[in-house]
Amino acid sequence: MTTSGPALYFDGRTSARLAATAELGAQSLHIRSPSGDLLAEWPYAELGVFSAPEGVLRLGRPRSPDAARLEIRDSGLAIAFGQRAGAVRRVGEVDRRSRAKVVGWSVAALVSAVLVAIFGVPAIVARLTPLVPVRLEQRLGASVDQQVRLLLDPGTRERPFECGTAAHAGRVAFDKLVHELEAAAALPFPVRASVIRRPEANAIALPGGRVYVFQGLVAKANNPDELAGAIAHEMGHVAHRDGVRVVMQAAGLSFLFGMLIGDFSGGGVAVMAMKTVLQSSYSRETEAAADAYGASLLGRLGRDPHALGAILIRIAGTPGPMAKILLDHPEAEERAAAIDALARAAAPRPGGTDAATLLDDSEWTALKRICATAPQQGVLGKT
Amino acid sequence: MGANVSDIASSEFPVAAAPAAGNVAKARFTGDPREFRNLMIRGALLQVVTLGIYRFWLTTDARRFLWANTEIAGDSLEYAGTAIELFLGFLIAIALMVPIFALIALGSLSLGFFAQISGAAGYLALAAFGQFAYFRARRYRLTRTVFRGLRFHQTGSATKYALRSLLWSVPVLLTLGLAYPWAQASLERYKMAHTHYGDLQGKFAGTGTALFRRGIVLWLLLAGAFLVVGLAADEFGDAAALRRVARDPAVGTTALIVTGLTIGFLLLCALVYTILQGIILRWWLAGLRFGPVVVTTKLKKRQVVGAYLRCFLYVLLLLIVLSLVVGALAGLFALGMSATTEANQIMGLILVACLYLSLAVGSWVIYQLTIKFSIWRMAVNSVGLAGFDAIERVRADDTRPSSAVGEGLVDALGAGGI
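Chains A and B, in that order, give the protein sequences.
Using numbering that gives the first Met the number 0, the first residue of the first sequence is number 0, and each one after it goes up by one.
Using numbering that gives the first Met the number 0, the first residue of the second sequence is number 0, and each one after it goes up by one.
Bound-form chain A, shown alone (with noise of 0.2 Å):
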């Protein structure tokens, strides 16, 4: 068995090359000058094998300050030295088994934080959203009623993006439905609600007490229980403090995935879609938790609960078929039928209204015609 043979050794000194016989001893290689004088000797112990190209065994001692290397190009003394020097450090090696390491925690590091996501994050940012102080979110609403305006319509001199004049006749009917909903509902803060000029058939409830319901969804109500039943369930939000607890939400998320994963190819996607994905399924959670607010609300004034289910259904559009896991509000049917059983589970009685109707055959007439500024009513595009 070959025992020596020829080497290039480089001193870690000089950048000379030197050429040398390696020879493999019992416990250590020791490094020979061509006349025999001992240039080095490296106990196994110490030794590491470092990268070079194919073909080429380069030794070294990783723990020392010097870069000394020594290169065996010679196949039958390196297989030797392999089988002599036994548990080699191989940086290589150690490395193998570090990377497989590092594989297996990582999609465990991603498992624990999906999982955070989908309960631990839902179930902090309930505790905390209590503990914001309302001046606060009021702040944060401030600033995004100032973004919803830009980008819904900042509206003109002639057309303000609010409907109707605190004197038209149908802001005070509307604002009479507002004020006896909110008796009933007992809210942190006071409710600022207002018709806005859009034709879409939505209504939304911003961070602060801000509710928005949008000129469309007035004109698809049939009733005054069915708006009533609308802003009811944005009253829900305001009651939930939805608006924080969104924006709360999202930094979590934010921090939980944007943190740990790094940036690689398609990296920031994967986090966009993880994200969006946990967000609307936390929104559907949300949504749900605010038609059973709405439902109740609507009870506790004697009107029937069903009418939010009955405005959800004739408003909702048919989504595609790639939309229902990224649906924010869940279906329809299916939250129609989610209240009808609130309803009966509530309130025994079959639909009926007993109680007063919140508003008059000419106060709902007037707020039908809420945004109407010219003869013609409605304003379906833009100019």
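Here's a subset of chain B near chain A, in silico, CB distances under 7 Å, partners left out: (1) T49; (2) W56; (3) G148; (4) A395.
Which residues of chain A face chain B? A partial, calculated answer using Cβ under 10 Å: (5) A15; (6) E53; (7) S97; (8) R98; (9) V101; (10) V102; (11) V106; (12) A108; (13) L109; (14) F256.
The calculated label-pair distances, taken between Cβ atoms and stated as ranges, are: (15) B:F225 to A:R62: 57 to 65 Å; (16) A:E45 to B:L177: 55 to 63 Å; (17) A:V115 to B:L166: 41 to 49 Å; (18) B:L267 to A:E45: 54 to 62 Å; (19) B:I349 to A:I312: 29 to 37 Å; (20) B:C353 to A:E332: 26 to 34 Å; (21) A:E45 to B:L90: 23 to 31 Å; (22) B:T174 to A:G54: 45 to 53 Å; (23) A:D152 to B:L177: 43 to 51 Å; (24) A:R12 to B:A120: 46 to 54 Å; (25) B:L318 to A:E53: 33 to 41 Å; (26) A:S142 to B:D396: 57 to 65 Å; (27) B:E391 to A:S74: 22 to 30 Å.
No lab work stands behind these hints: they were computed from the structure.
Beta carbons are placed, not taken as given, at the ideal position from N, Cα and C, and that holds for glycine.
Please arrange chain B on chain A, whose structure you already have, making use of the hints.
Okay, now just chain B, sitting in the frame of chain A:
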């Protein structure tokens, strides 16, 4: 220091200087591209699985391969860094960066004056910090580069380098890039003057004027093209608006001309960019000095342009293949199933995610192979070192390997790479 040799060999005449300097050593690249390709494909997939954490291991692997297969006068370089070092550097950088990012975020959330300046100030601070980190990362790489039993190392101050780079960015911006060659030369001079191989000091002999002379034609070309397109868009844009009112059928033609000119301009930009990369690389290589050792290069601009072109064509091919796959699968979906059940929707989402990932991973691998790898290989193969016998007599000095925090910062700032 052999300054006279480097003085004779200005970057204008790199090849002519070679005979005067005595023996010339050749560099060559010995690695198998297929090995690098497999490394990259496996690494890209593992990066996806580990959400990016694997990048430290991949970077280390890639550097080991590139260094080990870079042979100068018969001896190959060695990359002695480890992935754990990079990972630690990243963690330290995160610890440093989180408060900074938090401050910037806080600044932009607060109302009024601070919100308005925090964006710009934050950007400026990050840009300067990026240069600081780049210089520190360079120090890490150099101290992890071993040749013939000796390390490279870097002295100098990262703060001074960042300041220099920040100050140079002002004239570069004000002159619309005309000052770029001098900025680049100044920064390269600083870097190379603080680069050492053992006790041999580096130097950068390339001049801004030389780079300017080679690049000015491209600058003028681009400026001219920009003016032409701008004027045309202005001219035809107005005319088109007028004619649209008059329902003139010629609107289509003018719109077509403007679109065509714009696309042509963008293609020209891409071409100029790649040629410029070739010019800069050649200028940089020919300007490198280590004591009396003069680096010469036979690199051709068209080699670099070719590398970029191959990258473009392969990515195009990947896009075509993937869109065919999408078409085929969409067809199957439409035929086979009703797209209302939840299972189908989930399948669809998974499919989209898979396609997206194959595009991201595929184009990343193509970029690494056609540009990073090829340009490294062609640069190494083009290089000769005149006066190489000086390398035989270099002595070690007592520098220690530096920490990888700089690398971590570069990574945390999203500018990491091999």
